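A.B. asks: The residues making up each chain are set out below.
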Amino acid sequence: MITFTINGRRRQVDVPPEMPLLWVIRETLGLTGTKYGCGMALCGVCTVHLDGAPVRTCVTPVSAVAGKKVTTIEGLSDKGDHPVQRAWTEVDVPQCGFCQPGQIMSAAALLATKPSPTDADIDDAMSGNICRCGTYQRIRAAIHRAAALKKGGAR
Amino acid sequence: MKTGISRRALLKGGLAVGAGLSIGFPVVQAARRVARAQTPGVFAPNQWLRIDRDGVVTIVNSVPEMGQGSLTTTSMIIADELDAVLDNVRVEQAPANPALYKNPVTGNQAYGGSRGVRDHFDMWRKAAAGAREMLAQAAANEWGVPVESVETEAGAALHRATGRRLLYGQLVDRAQQLPVPQNPTLKTPDKFRYIGKVVHRRDTPEKITGRGVYGMDVQVPGMLVASIERCPVFGGKVKSFDATAAKRVKGVKHVVQVSNGVAVVADGLWPALQGRKALRVTWDEGPTAQVSSATITREYEAAAKQPGQVAKNEGDAEKVLAGGGRVHEAVYQVPFLEHACMEPMNATAQVTPEACVIWAPTQNPGGTQAMAAKLTGLPPEKVTVNTTLLGGGFGRRGELDFIVDAVETAKAVGKPVKVMWTREDDITHGFYRPATHNVFRAALDANGAPVAWFTRMVGPGILIQKGRAQAGTIDAAAVEAVRNMPYDIQNLRIEWINKDLGIPLGFWRSVGASQNGFIVESFIDELAHLAGKDPYEYRRALLGKSPRHKGVLELAATKASWGAPLPPGRARGIAVAFSYGSYVATVAEVSVAPDGAVRVHRLVAAIDPGLAVNPEQVRAQMEGGAVYALTATFYGRITIDRGRVQQSNFNDYPMLRINEMPVVDVHILDSGEAPGGLGEPGVPTVAPAVCNAVYAATGKRVRSLPIDRNELRRA
Numbered sequence: 001m002i003t004f005t006i007n008g009r010r011r012q013v014d015v016p017p018e019m020p021l022l023w024v025i026r027e028t029l030g031l032t033g034t035k036y037g038c039g040m041a042l043c044g045v046c047t048v049h050l051d052g053a054p055v056r057t058c059v060t061p062v063s064a065v066a067g068k069k070v071t072t073i074e075g076l077s078d079k080g081d082h083p084v085q086r087a088w089t090e091v092d093v094p095q096c097g098f099c100q101p102g103q104i105m106s107a108a109a110l111l112a113t114k115p116s117p118t119d120a121d122i123d124d125a126m127s128g129n130i131c132r133c134g135t136y137q138r139i140r141a142a143i144h145r146a147a148a149l150k151k152g153g154a155r
Numbered sequence: 001m002k003t004g005i006s007r008r009a010l011l012k013g014g015l016a017v018g019a020g021l022s023i024g025f026p027v028v029q030a031a032r033r034v035a036r037a038q039t040p041g042v043f044a045p046n047q048w049l050r051i052d053r054d055g056v057v058t059i060v061n062s063v064p065e066m067g068q069g070s071l072t073t074t075s076m077i078i079a080d081e082l083d084a085v086l087d088n089v090r091v092e093q094a095p096a097n098p099a100l101y102k103n104p105v106t107g108n109q110a111y112g113g114s115r116g117v118r119d120h121f122d123m124w125r126k127a128a129a130g131a132r133e134m135l136a137q138a139a140a141n142e143w144g145v146p147v148e149s150v151e152t153e154a155g156a157a158l159h160r161a162t163g164r165r166l167l168y169g170q171l172v173d174r175a176q177q178l179p180v181p182q183n184p185t186l187k188t189p190d191k192f193r194y195i196g197k198v199v200h201r202r203d204t205p206e207k208i209t210g211r212g213v214y215g216m217d218v219q220v221p222g223m224l225v226a227s228i229e230r231c232p233v234f235g236g237k238v239k240s241f242d243a244t245a246a247k248r249v250k251g252v253k254h255v256v257q258v259s260n261g262v263a264v265v266a267d268g269l270w271p272a273l274q275g276r277k278a279l280r281v282t283w284d285e286g287p288t289a290q291v292s293s294a295t296i297t298r299e300y301e302a303a304a305k306q307p308g309q310v311a312k313n314e315g316d317a318e319k320v321l322a323g324g325g326r327v328h329e330a331v332y333q334v335p336f337l338e339h340a341c342m343e344p345m346n347a348t349a350q351v352t353p354e355a356c357v358i359w360a361p362t363q364n365p366g367g368t369q370a371m372a373a374k375l376t377g378l379p380p381e382k383v384t385v386n387t388t389l390l391g392g393g394f395g396r397r398g399e400l401d402f403i404v405d406a407v408e409t410a411k412a413v414g415k416p417v418k419v420m421w422t423r424e425d426d427i428t429h430g431f432y433r434p435a436t437h438n439v440f441r442a443a444l445d446a447n448g449a450p451v452a453w454f455t456r457m458v459g460p461g462i463l464i465q466k467g468r469a470q471a472g473t474i475d476a477a478a479v480e481a482v483r484n485m486p487y488d489i490q491n492l493r494i495e496w497i498n499k500d501l502g503i504p505l506g507f508w509r510s511v512g513a514s515q516n517g518f519i520v521e522s523f524i525d526e527l528a529h530l531a532g533k534d535p536y537e538y539r540r541a542l543l544g545k546s547p548r549h550k551g552v553l554e555l556a557a558t559k560a561s562w563g564a565p566l567p568p569g570r571a572r573g574i575a576v577a578f579s580y581g582s583y584v585a586t587v588a589e590v591s592v593a594p595d596g597a598v599r600v601h602r603l604v605a606a607i608d609p610g611l612a613v614n615p616e617q618v619r620a621q622m623e624g625g626a627v628y629a630l631t632a633t634f635y636g637r638i639t640i641d642r643g644r645v646q647q648s649n650f651n652d653y654p655m656l657r658i659n660e661m662p663v664v665d666v667h668i669l670d671s672g673e674a675p676g677g678l679g680e681p682g683v684p685t686v687a688p689a690v691c692n693a694v695y696a697a698t699g700k701r702v703r704s705l706p707i708d709r710n711e712l713r714r715a
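From first to last, the protein sequence lines stand for chains A and B.
Under my numbering, residues 1 to 155 are what the first sequence spells out, in order.
Under my numbering, residues 1 to 715 are what the second sequence spells out, in order.
Isolated chain A (complex conformation) (with noise of 0.2 angstroms):
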């Protein structure tokens, strides 16, 4: 039995503890948000926080998440209304939309840590994660907007 904080909410799951984190998120506890891309940390698409952290949880076991506290796409806000995801709107971000949740777990943790990022820190923070529609340009104009959002006020 592993036990960690997902979402605000404890669980416990009886699991192997070489199993990656990723597939507990999508199978074992049905948040299908987290989506599966590469299996090799190379995409980006599972990201999710990790103590507020970005992580791949593809590579995770889900061992290494035992006491700490995951968020997800689903857990970044309650009503969708995080200033990253309002930015990714107001910029029309999303094309297929299938990278999207880990692009905006990774735009969230950029912004927590450096709230005016430089377009050097863009690249920094957002290289791991392979966008195939192409949104690239979207993704910097939207982190430039969330930042100038989350200034204002909105959380």
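Incorrect hints may appear among the rest.
Unchecked claim - To be clear about the criterion: a stretch of chain A counts as covered by chain B if any three or more of its residues have a C-beta under 8 angstroms from a C-beta of chain B, and this derived list gives those stretches: (1) 119-127; (2) 131-144.
To be verified - Pairwise CB distance ranges, derived in the manner of DEER restraints: (3) A597/B to P115/A: 29 to 37 angstroms; (4) V59/A to Q290/B: 33 to 41 angstroms; (5) G152/A to F192/B: 30 to 38 angstroms.
If you're looking for bench data, these hints aren't it; they were derived computationally from the structure.
Values in this document were obtained by computation on a predicted structure and should not be read as measured data.
Here a beta-carbon is modelled for each residue, glycine too, at the ideal position from N, C-alpha and C.
Given chain A, work out where chain B should sit, using these hints.
C.D. replies: Same frame as chain A, now just chain B:
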């Protein structure tokens, strides 16, 4: 925002099946829809829309949402002609039912070729305009006034003279008694309320919260999850397998042979993958095991020495070229490419003796239904296809292989099964953009203008391989954007040689134009430089018979300040092409580092898509097409060794990332023509614009993709 691909809608389908419902879903849906025409309380004049007494408009979108924005655009078009309020519109995804939802141009309920808007625009408008006229007539009857005096706006009919107003919801019962008009009057463009305006995407809320349901997110009660071990060699078959160790893995329930390999079925993907690792399979690798990239290259080169089939012949290019003068020759090569949708292939199916239900991220609901009917022996109407959101399509999801996996596995184990592909499965078992080898020859007159042009293309034909064109004919997909290239050259000969060595082929975003835009626009650039002319002016002078090409070329050049000085080390390149109904020109600004690394700083693109239904999504598709094309320009290459794909994941089949993203500046030219395509046209001009800029910067001509930085190295 409510779309039909909510978790609840899909789960409802799943639960109904789990509860033992034995009637195929499409039958239920279609029957319900027909019945609604007579059911009080719902006005359903056709298969595309219905309105209830609360005034809620439900639009049925037949085009799968794969990122192109079909949920939004379809709603915009119908809401506009209906005079409905877009915010009060629900949209749901159409079931597989080709009789009702086939593409009127192709005749199939399958979507590719950037055909969403351009093939359905008139039909959807007519469907909505007819409904609007019926609602207006219902109001006229209610008020006892001539219908000509009734106007509609914002979900209501009104009689301006008397100030009377009725909401659509209040007209539902009267309207549904009226005959459906055969030739309703369409709005004139000045009356458009949504079409041509910037409308935010309506699927964003579910895509930024994790609520949207993609294929891999489908959960059906009692469902098992499978992973399939496939022959590493294309076309190979299972000779025998030993599942003893696989079955010992905790959670593994079944190991079954299916046509694409051996399926390990478990209570989750993780145990299925462990079981798959423990599986021992002996393969009959078949003839493709003799094929490697080196073999393919050799065969192409040998074939290129022979005459090809004539795809186009005007004047006498061979004679002019044999006559001497300034003749230039070059060979261009492109590799196989995989689509690499962000969502790896997957599908879910349940097969009972009475019905088959499929949940799939598919571009091809109609083909899925027909395939499953064949595999299960059920009539098509007993096969329900629920199209989920697609995590990318790009042509890959028009194929049925991954759905065959699910249907066969579910049938074999008698339970609902989700088949999940790994990224490695996805890269190594794709349907690839053909590798090609292309010989060009041109003769220039004293002024440097081309008087003869010869292209011989060698490569496989997608349509022929798939049996959609006859062997021995010219494969239209192989020669597109060459056969119809825009330049006015008196003597023109285009040949094609079909050389198919058994690598599975597929339609890859912009298909033949994806490589042919590169080869034609690079070679014309070579001629411009050979003639000592400006590459923009050189093209422009040859576009006398192609005004829409010329229009976008001029717009792109103007917006990119073609000819104006650039910062030191930067250079521009230009390219123009037609594909999938739209005209695009791109100017690239690049610099090349001493180590040969190419940096694209900016792409200025001009597109003439005819009527731009949603301009913001036109820009989004162009931005996306640019990224797809840049990945192919810098990274994309699938190589084959003894019938096996040598790449397997994003480490050896890399994608462009945000740190390499140039500014993409999109300009829309409103030509007033009918809508063209958007998903694909952004791709073909990017590689040539970049490579032409590389030439301008370095004097080195890139004739083979992806760009090899070693060939551009100066230090």
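A.B. asks: Compare the structure with each hint and give your call.
C.D. replies: So, going through the hints one by one against the coordinates:
Under the rule that three or more residues need a Cβ within less than 8 angstroms of chain B, the assignment of the segment 119-127 of chain A holds, with 5 such residues. Residue count for the segment 131-144 of chain A with a Cβ under 8 angstroms from a Cβ of chain B: 10. That meets the three needed, and the coverage hint holds. One distance hint, 29 to 37 angstroms for the beta-carbon pair A597/B and P115/A, holds here, with the actual separation near 32 angstroms. Distance hint for V59/A and Q290/B: a CB-CB separation of about 37 angstroms, consistent with the stated range 33 to 41 angstroms.
Evaluation of the 30 to 38 angstroms hint for G152/A and F192/B yields a pass: the beta carbon distance comes to about 34 angstroms.
Hint check: no violations occur; every hint is consistent with the structure.
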